[in-house]
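Visitor: Assemble chain B onto chain A, guided by the hints.
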Amino acid sequence: MNDSEHSKLRSYFKWLVNPSRTQFAILLVIPACVLALALAIYLFGYSFYLSLHDVNLARPWSSPFVGFGLYKELFSSSDFWRSMNYTLYFTVIGVSLQITLGIALAVLLNRKFRLQGFYRVAILVPWIIPQVIAAMIWAWILLDRGILNTVLTSIGILKEPYLWLGSVTMTKNIVIGVSTWREVPFLVLIFLAGLQTIPESMYEAARVDGATSWKQFWYITLPLLRPTLLVALLLRTMSAIKAFDLIYVLTSGGPANTTEVMGVYTYDQAFSFLRLGFASASAFVLVLIILIISVIYIKLLWRDVEY
Amino acid sequence: MRVQIRKISLVLLIVSVCFGLTGGFVLAAKDTVSIMLSASWRSHPAFEEAFERFEADTGAEVKVIWVPGQEIFQRVMTTLAGGGSGVDVMALDSTWTPALGSAGYLTDLSDRFTDRDKFLDVAVEAVSWKDTVVAIPWFTVAGFTFLRADLYEEAGLEAPRTWGDLVAVSKKLTVDTDQDGSIDRWGYGWTGKAYDAGFCDFMEFVWQAGGNVFDDEGNVIINNEAGVKALQFLVDLVYKHKVAPKAVFTYTVEDLTSAFMDERIATIRNWPYVYQVANGEDSPLKGKVKMIANPGNVRATASTFGSWNLGIPKKSRKKDLAWKLIQYMTSYQTQKETFLLRGEMPSRKSVFDDPEVVETIPPAPEMLKGLLGAMNRPQVPEYGEIAKAVQDAFSAAYYLQKDPQEALDEAAAKIEKIMGR
Numbered sequence: 000m001n002d003s004e005h006s007k008l009r010s011y012f013k014w015l016v017n018p019s020r021t022q023f024a025i026l027l028v029i030p031a032c033v034l035a036l037a038l039a040i041y042l043f044g045y046s047f048y049l050s051l052h053d054v055n056l057a058r059p060w061s062s063p064f065v066g067f068g069l070y071k072e073l074f075s076s077s078d079f080w081r082s083m084n085y086t087l088y089f090t091v092i093g094v095s096l097q098i099t100l101g102i103a104l105a106v107l108l109n110r111k112f113r114l115q116g117f118y119r120v121a122i123l124v125p126w127i128i129p130q131v132i133a134a135m136i137w138a139w140i141l142l143d144r145g146i147l148n149t150v151l152t153s154i155g156i157l158k159e160p161y162l163w164l165g166s167v168t169m170t171k172n173i174v175i176g177v178s179t180w181r182e183v184p185f186l187v188l189i190f191l192a193g194l195q196t197i198p199e200s201m202y203e204a205a206r207v208d209g210a211t212s213w214k215q216f217w218y219i220t221l222p223l224l225r226p227t228l229l230v231a232l233l234l235r236t237m238s239a240i241k242a243f244d245l246i247y248v249l250t251s252g253g254p255a256n257t258t259e260v261m262g263v264y265t266y267d268q269a270f271s272f273l274r275l276g277f278a279s280a281s282a283f284v285l286v287l288i289i290l291i292i293s294v295i296y297i298k299l300l301w302r303d304v305e306y
Numbered sequence: 000m001r002v003q004i005r006k007i008s009l010v011l012l013i014v015s016v017c018f019g020l021t022g023g024f025v026l027a028a029k030d031t032v033s034i035m036l037s038a039s040w041r042s043h044p045a046f047e048e049a050f051e052r053f054e055a056d057t058g059a060e061v062k063v064i065w066v067p068g069q070e071i072f073q074r075v076m077t078t079l080a081g082g083g084s085g086v087d088v089m090a091l092d093s094t095w096t097p098a099l100g101s102a103g104y105l106t107d108l109s110d111r112f113t114d115r116d117k118f119l120d121v122a123v124e125a126v127s128w129k130d131t132v133v134a135i136p137w138f139t140v141a142g143f144t145f146l147r148a149d150l151y152e153e154a155g156l157e158a159p160r161t162w163g164d165l166v167a168v169s170k171k172l173t174v175d176t177d178q179d180g181s182i183d184r185w186g187y188g189w190t191g192k193a194y195d196a197g198f199c200d201f202m203e204f205v206w207q208a209g210g211n212v213f214d215d216e217g218n219v220i221i222n223n224e225a226g227v228k229a230l231q232f233l234v235d236l237v238y239k240h241k242v243a244p245k246a247v248f249t250y251t252v253e254d255l256t257s258a259f260m261d262e263r264i265a266t267i268r269n270w271p272y273v274y275q276v277a278n279g280e281d282s283p284l285k286g287k288v289k290m291i292a293n294p295g296n297v298r299a300t301a302s303t304f305g306s307w308n309l310g311i312p313k314k315s316r317k318k319d320l321a322w323k324l325i326q327y328m329t330s331y332q333t334q335k336e337t338f339l340l341r342g343e344m345p346s347r348k349s350v351f352d353d354p355e356v357v358e359t360i361p362p363a364p365e366m367l368k369g370l371l372g373a374m375n376r377p378q379v380p381e382y383g384e385i386a387k388a389v390q391d392a393f394s395a396a397y398y399l400q401k402d403p404q405e406a407l408d409e410a411a412a413k414i415e416k417i418m419g420r
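Chain order of the listed sequences is A and B.
Residue numbers for the first sequence follow numbering that gives the first Met the number 0, so the first one is 0 and each next one is one higher.
Residue numbers for the second sequence follow numbering that gives the first Met the number 0, so the first one is 0 and each next one is one higher.
In short, the hints are calculated from the structure, not lab data.
From the three backbone atoms N, C-alpha and C, an ideal C-beta is built for every residue, glycine too.
Certain hints may be false.
Unchecked claim - The list that follows gives simulated cross-link-like pairs (lysine-lysine, DSS-like), each with its CA atoms no further than 25 Å apart:
#, chain 1, residue 1, chain 2, residue 2
1, A, K171, B, K245
2, A, K298, A, K241
3, B, K401, A, K171
4, B, K245, A, K158
5, A, K158, B, K171
6, B, K241, A, K158
7, B, K245, B, K401
8, A, K158, B, K416
9, A, K71, B, K416
10, A, K158, B, K170
11, B, K62, B, K318
Unchecked claim - Derived coverage of chain A by chain B (criterion: at least 3 residues anywhere in the stretch with Cβ under 8 Å from a Cβ of chain B; other residues may be distant):
#, stretch
12, 161 to 174
13, 244 to 258
So here's chain A without its partners, still in its complex pose:
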C-alpha cells in the first residue's frame, strides 16, 4: 500500500483509534445495544416462527408447519374476542383513571404542606408490595367472609355479604380498582418529577396576570407536562395490555371468564393446554397491538416543549 492509501485507511478508522467525545460515548454503548437488539430480534423472530407451527408439548415429536392457520383459528375464536374486548376495556378505563388520579395526586403533593415528605413516601407503599402479594391481600379482603364485607355489613351499608369477586358485572371493575390502587403511586412519582421541571416563574407570571388556579393548571401545568404524559401513557398502556400477575392471582380470569385478559388467555393456552404455537400467535398479536398504539401515542404527543 502506498502513502495515500494508508492515510485513507487511517482516516476511516480515525474514529476508532482517536475518537471524539461523542464517538467515544457511542462506542461504549454499542456492545450493550447490539446484545439487547440481538436478543430482542432472536426472541421476536423465534416467537413468530413458533406461531407458524402447531407446537404442542403433549406431542413434542411433531410440530407441523401450518402457516397462518393458528392465526386464523385465533381470529375465529369467540374466546379470543371476548378476551380482547375485556383487555381493551381494562386498558382504556384503567389507564384513563390512573393517569387522571396520578396527575391530581402529583399536583397535590407538589404543594408545600406539613408532612409533605411523609405523604410522598407513604403513597408509594402499594407500589412497593409485589404484584402477587398485593393480589392475594385484596383477594382475602374481598372474600365473602373477608374484611370488606364484615365492615360493610356491620355498619349496615350491606344487608348481606356481597360477592365482590363473584359478580359477572362488578368484578370487571373491581379488578380495575385493585390495579389502580397498585399502579397510581408509580404515576404520581413520574408526574411529580415532571412537575419539578416547570419553573415557578411561569406560575408567578400567571398569577400576576390574574389567572385562577384552574387556568394555571390548564394552560401551564398540562402543556408543560406533555413529555411526561407521553412517557406515563406509554408505560401504563403497555403494562395494562400485558397485565397478567395481578389478575391471574385475583380472579384467574373468572368469574365465568369475564376478567380473562389476553395475558391470562395466552398463559392458559401455553401452560394449561400446552399449545405453545397457538399461544405464540396470541402473544404476537398482542405485540403488534402494543406497537401500533405506541406509534399512535408518539405521533400525537411528541412535540418539543416551548416555553
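Guide: Chain B only, in chain A's frame:
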C-alpha cells in the same frame, strides 16, 4: 510492576479455580434427591416421617420443591419440557397420565413396579399409558358427602341417598339462626369455582344423572339430557331451592372446607381429607361429622376417581435413588400413616383391612366402596382443554349468563373441535 500484577492475577485465577472445583466436590458429597410436591400438602406428617426413614437408611437428603396447588400442572409440564434434570421425583395427578405418557417425558417404571397386584386395579390403570407405567400410585381420592350428624339428628333427618332427599333435607337445614333476615347456615355446598377440582364436583353430578363427556364410542355427549339435568339441578340448588349460597361459585376446595368447619354449611361434597380435619384433635366438630357416598339419581352413586402418583423424569440423573424414595413413600407403612393421620386414602388394597385402620376410621369400608365405584375423568392428552370447555359451560350457567342447554351445547361444539384437530 506489570510483572507483579500479572503474577498476582495468575495466582488469584488458580486459587479461584481450585475453590470452584473443591466447592463442586463439597456439594456432591451429600447426595440429594429433589422431589416436587404441591404446597397444599405442606403439613403432612406422614410424608415427613417417610422422608426421615429414607434419609436414615440411605444417607441421602430429600430436597422438597413446593409448588402452589393451582399451578402444579403448569410447573410440572414446563419443568419436564425444559429438561427437568434437576428434579428426581414428581407428584403427578392421574389425569395427566395421557399427556405425559404420549409426550414421553417420564421414565417407564413397568420393570421396577413388581408388586402392582397389591395396588387397586383402578389406580394401576390410571398410571398406565399403552404398555408403560409412568408413575407409581401414591394416594387416592374420590368424592364423598360429609354431613353434620348432630344437626341431622336434631332435626330428625336421615342421610340423603338421592337428589330428591338432598333437596328435602337441605331445605330443612337452611336456617336463619339469629333472625336477622339473612341465612346463617346453608343446607348444602360444593366446589363451584371453575378449576379442576370444580370440574370434578360437576362431573359427579353428570355421572349420577347417567351422563358423561364421551360415550363408549368416543362421541361427545356432555350436552345430552343427563348433562343438562345435572347442570340444571346445581343451578336450581342456589336459585330455585335456595339451599346453597351463591358463594359456592367462588369456592375452592379449601374455601368449602372452611365454610363447613365454620358451621356455615351443613352438608358438603368434598374430598376425604375433610374427615380427618373435622375429627382432628382441636376441631370444634370432633365426633359430629359423618361421611357417606354421594347421593345419586339415575346412578345410585358416583364419585370422581383421582390419584396422586410419583414418577421419575427421564432426564433425572439419580433414578435409583429416586426409585428408592418412591418405594418409601408408597410403602404399606407410609400409606397407613397417611391414612390415619391425614385421611388420604391409600392405593394399596390391604391397608383398608389393617386392624388399626378399621378401628380408627369407621367410614373405611364406605370409602373403599366409593373407591371401587369411582369413575375416571376423560383419559385423553387433550384433558386440559376439554376440562376448560366444560368449566366454561357450568360457569356460564352458574352465573346465569346462559341456560344449561345452551352452555353445554357450546361446550360440546368446542370439544368436538378439539378432538378433531
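Visitor: In ascending order, which of the hints set out earlier in this document are inconsistent with the structure?
Guide: Hint 8 is the one this structure does not satisfy, whereas the remaining hints hold.
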